[in-house]
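From first to last, the protein sequence lines stand for chains A and B.
Going by full-length UniProt numbering, the residue at position 222 of the first sequence is 222; the numbering climbs one at a time, nothing skipped.
Going by full-length UniProt numbering, the residue at position 119 of the second sequence is 119; the numbering climbs one at a time, nothing skipped.
Just so you know, the hints here were simulated from the structure itself, not pulled from any lab data.
Note that beta-carbon positions come from the ideal geometry of N, C-alpha and C, so glycine has one too.
One or more hints might be untrue.
[What the hints assert, rightly or not] Here are the simulated DSBU-like pairs of lysine-lysine, each with C-alpha atoms no more than 35 Å apart in a straight line:
no. : chain 1 : residue 1 : chain 2 : residue 2
1   : A       : 158       : B       : 123
2   : A       : 253       : B       : 4
3   : B       : 195       : A       : 115
4   : B       : 250       : A       : 158
5   : A       : 238       : B       : 246
6   : A       : 195       : B       : 195
7   : B       : 100       : A       : 253
8   : A       : 234       : A       : 158
[What the hints assert, rightly or not] Quick look at which bits of chain B chain A covers, simulated, 3 or more residues with Cβ under 8 Å:
no. : region
9   : 23-35
10  : 47-60
11  : 132-146
12  : 169-179
2 protein chains.
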Amino acid sequence: MNQKLKIGIVGMGNVGIHFLQRLIELGHTHLTVYSRSGNNLPASMNAKDVQFTNDFKEFIDFDIVFCAVNDNTMVEMVRLVSKYAPVVSVSGTVNLNHLKTKYPIGTFYPLQSFKADQSILWKGLPLFIEAADPKFKAFLMQLGHEFSENAIELSEDKRQYLHVAAVFANNFTNHIIDLAAHYCEEHGIQFDWLKPLINQTMEKIQSNNPHDILTGPAVRNDQSTIQKHLELLKPDQKTIYQTLTKSIIKHYK
Amino acid sequence: MNQKLKIGIVGMGNVGIHFLQRLIELGHTHLTVYSRSGNNLPASMNAKDVQFTNDFKEFIDFDIVFCAVNDNTMVEMVRLVSKYAPVVSVSGTVNLNHLKTKYPIGTFYPLQSFKADQSILWKGLPLFIEAADPKFKAFLMQLGHEFSENAIELSEDKRQYLHVAAVFANNFTNHIIDLAAHYCEEHGIQFDWLKPLINQTMEKIQSNNPHDILTGPAVRNDQSTIQKHLELLKPDQKTIYQTLTKSIIKHYK
């Protein structure tokens with residue numbers, strides 16, 4: 001990859017910071033950041049070559065601008081920046097196909113959950129690419145490969161479905177484990193005791209169909225245990241237990 | 001540990017087989033199995049020293065009998081076997097404290113999900129021990145330490161709560177990942193693409209409070225994305241999405 005590329009990043013939130021960090025790691029030196037929050041980068045970042053701007057016009061003749069703003073403002077921002085340079089949205093949910101722009105636009109969506117203070121394992125991370133312009137798409141695929149070695153072309157429609165699936169597999173599982181941790185705390189038992197069990201199940205999911213490895217009272221439709229459990233739950237917890245138990249019983253009929 | 005111990009196992013289901021396997025690995029040679037399904041052990045098992053019986057009386061003078069039968073028949077089976085030898089239930093939900101028995105009884109509960117054809121990583125696996133008889137309890141703690149190096153004394157009450165927490169953290173997460181996999185299949189996207197995301201989140205949970213690492217539309221109360229997602233779901237999927245999204249919003253208020 002040509003490290004002389006002129007690259008812009010709009011937005012220095014959780015996602016923008018990780019993109020900037022990755023571009024620095026990859027040896028890019030022509031990096032310009034546009035951020036409402038000013039020039040505050042994490043102290044740990046080797047950002048000596050990073051320029052700042054508060055004028056989109058400075059992106060003129062840039063090879064690409066990564067737009068890492070909130071979903072709510074993404075379309076408007078892509079529209080604005082695309083007057084001056086090719087631009088990609090990094091969002092899994094935002095649709096751009098309806099936009100008519102001067103410079104090519106596209107999507108460059110890493111399927112990962114970003115927090116500013118947590119490192120990202122880029123290698124192997126699936127990066128989903130879309131662009132109407134064939135040359136720009138080829139450039140994005142090449143850049144995606146550089147980022148993670150796992151760039152995948154995916155249409156807008158399918159990206160929407162992927163994002164929904166990710167909410168289930170990532171956010172909802174995370175929340176349910178959080179509920180379990182709360183429940184442990186409420187009842188004076190250690191959440192740590194559950195970790196080997198969680199680990200083993202997640203390891204099994206790597207190489208088995210998740211449908212085939214489920215155990216527990218619901219999959220056995222063991223109503224006696226289910227009733228006992230319901231008596232040990234508060235109303236909100238009970239709602240979740242019942243909803244998921246009902247769903248499991250239905251799926252294993 | 002004294003490998004001359006006389007050890008019985010009642011039941012050769014998913015759990016009984018793994019207990020037998022572990023006892024063989026640990027070098028025990030006086031092993032006797034009582035099983036309705038007869039003498040059929042997995043061919044891979046080095047079971048040359050294993051005896052079979054169909055009479056509980058043969059357990060007389062045994063040091064311990066592991067009772068690995070269904071929860072429904074556990075209490076009755078423990079009652080029967082305890083006429084001849086000390087016996088433990090391996091269940092997380094069954095209560096035995098009300099039983100009056102000739103020989104000591106107790107619980108020896110490994111917090112893990114067992115399938116006959118999948119190996120178990122015993123080392124570090126939390127094993128929960130309970131027994132009213134102090135000598136028997138000390139013996140169980142020692143045996144538990146031999147099994148996994150992680151034997152923990154836990155009362156009946158707390159074991160019930162632990163089992164409920166495990167249903168959330170293990171069964172429900174597994175099912176939700178299964179729903180995500182189904183959804184991917186329905187919409188022509190690859191479930192494998194989600195695995196790096198799942199892995200990274202589960203890795204974060206090892207050393208972070210699960211409450212602090214949640215991302216996604218629900219924790220941001222991003223109603224625009226939530227509404228878009230609901231339109232992409234079938235009624236059953238929608239129920240789960242709504243229930244969990246509501247729960248997340250409530251927990252992060």
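For a C-alpha distance cap of 35 Å, please report whether residue 195 of chain B and residue 115 of chain A respect it.
Roughly 18 Å separates the two Cα atoms, so the pair holds.
Examine the region 169-179 of chain B: at least three residues should have C-beta closer than 8 Å to a C-beta of chain A.
n = 11 at 8 Å, threshold three: holds.
Do the alpha carbons of residue 100 of chain B and residue 253 of chain A lie within 35 Å of each other, as the hint requires?
With Cα atoms ~39 Å apart, residue 100 of chain B and residue 253 of chain A exceed 35 Å; violated.
Would you check chain A against the region 23-35 of chain B, counting CB to CB pairs closer than 8 Å, and say if three or more residues qualify?
violated (count 0)
Is the straight-line distance between the alpha-carbon of residue 195 of chain A and that of residue 195 of chain B 35 Å or less?
holds (18 Å)
Verify the proposed pairing of residue 234 of chain A with residue 158 of chain A, using a straight-line Cα cut of 35 Å.
Judged against 35 Å, a Cα distance of about 38 Å means the pair is violated.
Hinted pair, alpha-carbon criterion (35 Å max): residue 250 of chain B, residue 158 of chain A. Please report holds or violated.
Since the Cα atoms of residue 250 of chain B and residue 158 of chain A sit roughly 30 Å apart, the hinted pair holds (cutoff 35 Å).
Please verify whether residue 158 of chain A and residue 123 of chain B have alpha carbons no more than 35 Å apart.
With a Cα-Cα distance of about 42 Å, the restraint between residue 158 of chain A and residue 123 of chain B is violated, given a limit of 35 Å.
For the pair supplied as a hint, residue 238 of chain A and residue 246 of chain B, confirm whether the alpha-carbon distance does not exceed 35 Å.
With a Cα-Cα distance of about 14 Å, the restraint between residue 238 of chain A and residue 246 of chain B holds, given a limit of 35 Å.
Please verify the coverage claim for the region 132-146 of chain B: does it have three or more residues whose C-beta sits within 8 Å of some C-beta in chain A?
violated (count 0)
Can you confirm whether the C-alpha distance between residue 253 of chain A and residue 4 of chain B stays at or below 35 Å?
violated (46 Å)
Can the region 47-60 of chain B be counted as covered by chain A under the rule of three residues or more with Cβ-Cβ separation shorter than 8 Å?
Coverage by chain A is violated here, the residue count being 0 at a Cβ distance below 8 Å.
Hints 1, 2, 7, 8, 9, 10, 11 from the earlier list are contradicted by this structure; the remaining hints agree with it.
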